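Visitor: Sequence:
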Amino acid sequence: MEGQVKMEIKEEKIPKTTNKKSTAITVEQIQEDRITELAFKNWSPDATKNGVQFKPQIIDEIYHTELIGSNFSTKRIMMLEFSRYLENYLWPNYKKGKATKTHVMSIAAVINEKFRERVPAWEAFKALPDEFPHLFRHVLDLCLSSSTLSYKETAVLLIFIIHCFNSLEVDLIRERVQRLVSLPIWTNLLPGQREALFKVNPKYRKFYNAIKKRDSKLPPEELEVVQFERNFLANLIEKFYGILDSIPFKASADPNKMHYCERFLELLIDIEAQLPTRRFVNALIDDRHVVVRCKLSQLILRPEGKLFGQLLEMLESYAQFEIDEITGEALTMHDRIDLHYNRVNALQTVVFKHYPDLQSFAIKNVASVDSKDSLIKHFEPLNAEDLHRILAHLNYLPPLEEETTQYSKTFLIELLIWKHERKRSQLEAINEMPLYPTEDIIWDENIVPSEFFSGEGCLALPKLNLQFLTLHDYLLRNFNLFRLESTYEIRQDIEDAINHLKPWKAEDGHCLFGGWARMAQPIHSFNIVEVAKPQLGENHPAQVRADVTLNLSVRPEVKFEWQGLRKHDVAFLLTLRPQVPIGYKYNHTQPFIPQVGLVYVRGCEIEGLLDENGKLIEEGPEPKPEFHSDNRTYRVWLDPNQYQLDMTRTVNGEEDVYETFNVMMRRKPKENNFKAVLETIRDLMNTDCVVPDWLHDLILGYGDPDSAHYSKMSNRKPTLDWNDTFLSLEHLETSFPGAALTMTGEKEKLIPPFKLTFEEEKAEGKRELDSDTGKTTAKEIKVVPHLIPNRGPYPYNQPKK
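Per the numbering used here, residue 248 is the first one in the sequence shown, and the count goes up by one each step.
Source of the hints: derived by calculation from the structure; they are not laboratory data. Heads up, some of the hints might be wrong.
Below are the DSBU-like pairs computed for lysine-lysine, each with C-alpha atoms no more than 35 Å apart in a straight line [to be verified]:
#, residue 1, residue 2
1, LYS553, LYS446
2, LYS446, LYS600
3, LYS964, LYS1029
4, LYS460, LYS450
As the structure is a computational prediction, the values presented were derived from the model and not from experiment.
Using the sequences provided together with the hints, build the complete structure.
Guide: Written out as structure tokens, the structure is:
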């Protein structure tokens, strides 16, 4: 059977899952499975030839027993996908008006599984595209329905929509998605907010009025469809608020509700991260105050809300991304400052006009009032109604029509701060970010998933799409992903080294090592020797240096490796406080950190080895000094950004991290270049011109992919000196097959080097297709030999070839 052949081919690419036991399915299991039997009887090629009729009850039965019954188990959906359930049964038999809820849910579940397996997902729809608009509308209807679906089912549909927004390169999908994110969705904005946007972009007012005029001529059925599509995202946000507000702070909550909220934030992040979908939706997300509402939710305070909080941070950064939504151009530092000052000045104007008691706020300079503490100090005394009126004047909220406001004072203050607080630019944030991973990131499964991650859940990671907002966005996503990829490798090395060290808790409480590790050694002593003053405009030390002393009483080859640490090699300083007694055997199925008592991880960069007099041993051919003991002291550079963060925590009452290190770990040099790569990417972000203009749009995924071809360049030179490219005239002729070569002088006397002039490119500015060969060729090339001036009589004077 054809389906079984497909199963055998695809068996090897089943991804690993979050369980340590792999869920790879064998061919025998597939052949014995109930789904295979159903497939053979109903949608295999043999069944189709025998004229087996479509039975909707089979879809209902499979949905309730295999999907609902298994709580949408990946293993069961995988079996359905292997049997070509979508291609041979679900999609060919989908008909508008006849398809049931279970039919649509089954299609969405199988498409999600295809994306999880990373196989082409839309091929069936491309082959039979007529019914896809009806399927898409059916999915949108079910997403907004309140009673017919469980939260788990709604999350499945939401993931399907996320995949649609990430597949804009498919014409069929893009046509549907564009209707949800185009200019008419601004009907959902407050009138004052919409007018402010039209004032900045007058051409949009013209388009908007033309759309309203066209709507008035539409028949009622078409008008209903159009209005549904333009209101869909606004209604979906309101539904999300209802689910988010239903999650309590302490009582037990439905995990499916939390999963839905996480997936919804993922959808908004994907919309914000692409210019075609972001252009008009960003104003809607801003108008609905999604970020502020999520910050004040109970979910973010729950232990299970950690991933939700990380996704919210990503959404917040994209909601305020430094880009002009209209032109797609990146905002300069001055543009960003101007926008911020305009917002604060508008607030000061409203306060000056309507609230004489706040005149002290209204007449101050912006820099003195745009901090969170200053805003709270000035506006906390006001009641909720006054705060609502101020925000209504600024078009952030609808006018207050009753005596009391429906919003809480906490929300109003938070909204005021979110709009007017001075925020660090992305460049400032990246320049102040530590390059070395710490214990908070290394073992965070939401950011650095284990190798068993199945793709079922949601991760707080940036996605590499076909398009990027700006060059800074492109570099930033690659910076974060490379940083986390290297963090995963560092985690494996740390776990391996500590497992070999076998840290135990001694009777007096200190750390005792029951084993030894080639790549890690206990620290004999650690001292900070220099904290340089910050450079102008920075708030962290210019450099922080420390001395780390190890006792290398180990085998000679291991001692040689440790003494071979060179300048700029990266090492890690660890703090271990094991709670397990001497002789304890580690259980690899249990969590790692509680067993070994890992408290801190900090990176450092080797400056060099110190001799016994405390002087740095310079690298070079001169003989190395002798040591009379096994103690070796390394001078290292610590990350100044991380040091500043740690010192801030110490001032706030936490312990000093730098007095606790008891293990130093090194890594293999070939695998340990992550810091240099991250520094390079960060330097590129601080550089004005990273790529030339003609390549800029191509990297970001916009414009014509062919625009960077040399034939499209405006500054081409028709005549070029090719120097010693061609070895002979025959070589030149074979290099341009089909081209007419025009030569000056006798052919026998033509020797390289040559100058070539492409006559047709000079005249037409383009190349033409040869109808006989089907290849693009130059029509006429003028060949001119030239003599290189004599550089001298000696052989070394002759130019190299």
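Visitor: So, for every hint listed, does it hold in this structure?
Guide: Hint by hint, here is what the structure shows:
A threshold of 35 Å between alpha carbons decides the hint, and for LYS553 with LYS446 the separation of about 40 Å lies outside it, so the pair is violated. At most 35 Å may separate the alpha-carbon atoms for a hinted pair to count; LYS446 and LYS600 meet this at roughly 22 Å. About 14 Å separates the Cα atoms of LYS964 and LYS1029, which keeps this hinted pair within 35 Å; it holds. Distance check on the hinted pair: LYS460 and LYS450 sit about 16 Å apart at the alpha-carbon level, within 35 Å; holds.
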